[in-house]
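Asker: Chain A is already provided as a structure; the job is to place chain B on it using the hints.
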Amino acid sequence: MRLEKCWFCSSTIYPGHGIQFVRNDAKIFRFCRSKCHKNFKMKRNPRKVKWTKAYRRLHGKDMTQDSTFEFERKRNRPQRYDRINTEKVLQAIPKISKVKATREKDHITKRLSAGRVNRRAEDRRELEQSISLVKAPSVLKEDATLTLPKQKVTVSYAQTENTPMEE
Amino acid sequence: MAARFLSKSSSGSSLLGALGTSLLGVGSVARQTTSNLTYSDIFFQQQRTFIQMGTKLKVVDNSGAKRVMCIQALKSKKGAKLGDIIIGSVKEAQPRGKVKKGDVVYGVVVRAAMQRGRCDGSHVRFDDNAVVLVNKQGEPIGTRVFGPVPHELRKKKHVKILALAEHIA
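So the sequence lines, in the order shown, correspond to chains A and B.
To convert, take the position in the first sequence, counting from 1, and add 69; that gives the numbering used here.
To convert, take the position in the second sequence, counting from 1, and add 1392; that gives the numbering used here.
One or more of the hints may lead you astray.
As the list claims (entries may be wrong) - Derived lysine to any residue pairs resembling SDA-like cross-links, with alpha carbons at most 20 Å apart: (1) B:LYS1450 x A:ALA95; (2) B:LYS1450 x B:GLU1558; (3) A:LYS110 x B:ARG1440; (4) A:LYS219 x A:ASP192; (5) A:LYS107 x B:GLN1438; (6) A:LYS107 x B:ASP1520; (7) A:LYS112 x B:GLU1558; (8) A:LYS96 x B:HIS1515; (9) A:LYS110 x A:ARG99.
As the list claims (entries may be wrong) - Simulated DEER-style distance windows between Cβ atoms: (10) A:LYS143 x B:LYS1483: 42 to 48 Å; (11) A:THR155 x B:HIS1559: 28 to 34 Å; (12) B:ILE1479 x A:VAL158: 28 to 34 Å; (13) B:VAL1496 x A:HIS128: 56 to 62 Å.
For the record, the hints were derived by calculation from the structure and aren't laboratory data.
All values derive from a computational prediction rather than experimental measurement.
Where is the CB? At the ideal position from N, CA and C, for every residue including glycine.
The shape of chain A in the complex, shown without the other chains:
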């Protein structure tokens, strides 16, 4: 039994799933589900289809180089069954996958942290402009507790003196 990778989306194909397509030049394409199979038949390039791993890796959305990938390399040499080795491998697999998952998550967080400032500014703007969708501005004015969160605004010019109102 061998866990294959889908040619189109690069997800693992478990036994009993998917279709294998053998082309006349003897190249085998494995697909995890009919979605990938149909996209292949439409001659779509997986490197251009946004939801595939190929696209994500190519455009730097997901981690490309890491030492955890070395563990999953395809090995064609059959190994003699060694009980101790097998036990060790079975214990190591969940640890490795956890490390890999945390590293991938960190990669994505780091990538998204560059735009955090912009996102906060956008949220603030939305709060100012579209607060009427939540509650009418007149209601907000009446109730003193419902105020917009205070924002710090740095004032660059010198404060003008309050001239007393002249009647």
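Answerer: Here is chain B on its own, set in the frame of chain A:
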């Protein structure tokens, strides 16, 4: 595109379109055409079926024949699948070969466009329909086999063909 969904659900129905394909036998039709069919729609609608009477297959050995038309699929009312034996009539042959045009020959299907389930639950399908000519005992007439062959042939006891094959899928 309601017509598309209808065609998928009722596999027994047949619509003769501009292609003019004639229906023979019990098997369902491979394609249907509607008025505004795009190239991608044809890919979605193509339902691969059995190899039945009238199916033209490619011959992938050096027996001399080039194309064979199936006249009977042995062992199944619906039609032949990957690894089955068919009786065919040679439609096109090379000038100097072991078989001539018009001969009635036996053949083993080595590549089928219809997917066949394997014992581990996966499915395989090939790009085209291809056959290797054999005699009544099941031994291949030619001495070479071209292209990939499936290892379903081992279970069907066509060991000689596997031995001649250049690639086993």
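Asker: For every hint, state whether the structure bears it out.
Answerer: Now for the hints, and whether the structure bears them out:
1. B:LYS1450 x A:ALA95: holds, 16 Å
2. B:LYS1450 x B:GLU1558: With a Cα-Cα distance of about 17 Å, the restraint between LYS1450 (chain B) and GLU1558 (chain B) holds, given a limit of 20 Å.
3. A:LYS110 x B:ARG1440: holds, 13 Å
4. A:LYS219 x A:ASP192: Holds, because 14 Å separates the two Cα atoms, which is no more than 20 Å.
5. A:LYS107 x B:GLN1438: holds, 11 Å
6. A:LYS107 x B:ASP1520: Between LYS107 (chain A) and ASP1520 (chain B) the Cα gap is close to 17 Å, so the pair holds against 20 Å.
7. A:LYS112 x B:GLU1558: Violated, at roughly 27 Å.
8. A:LYS96 x B:HIS1515: With Cα atoms ~16 Å apart, LYS96 (chain A) and HIS1515 (chain B) stay inside 20 Å; holds.
9. A:LYS110 x A:ARG99: With a Cα-Cα distance of about 12 Å, the restraint between LYS110 (chain A) and ARG99 (chain A) holds, given a limit of 20 Å.
10. A:LYS143 x B:LYS1483: 42 to 48 Å: 43 Å Cβ-Cβ, so the 42 to 48 Å window holds.
11. A:THR155 x B:HIS1559: 28 to 34 Å: Holds: the Cβ-Cβ distance is about 32 Å, inside 28 to 34 Å.
12. B:ILE1479 x A:VAL158: 28 to 34 Å: Given a distance of about 52 Å, which is not inside 28 to 34 Å, the answer is violated.
13. B:VAL1496 x A:HIS128: 56 to 62 Å: holds, 58 Å
Consistency note: the structure conflicts with the earlier hints numbered 7, 12.
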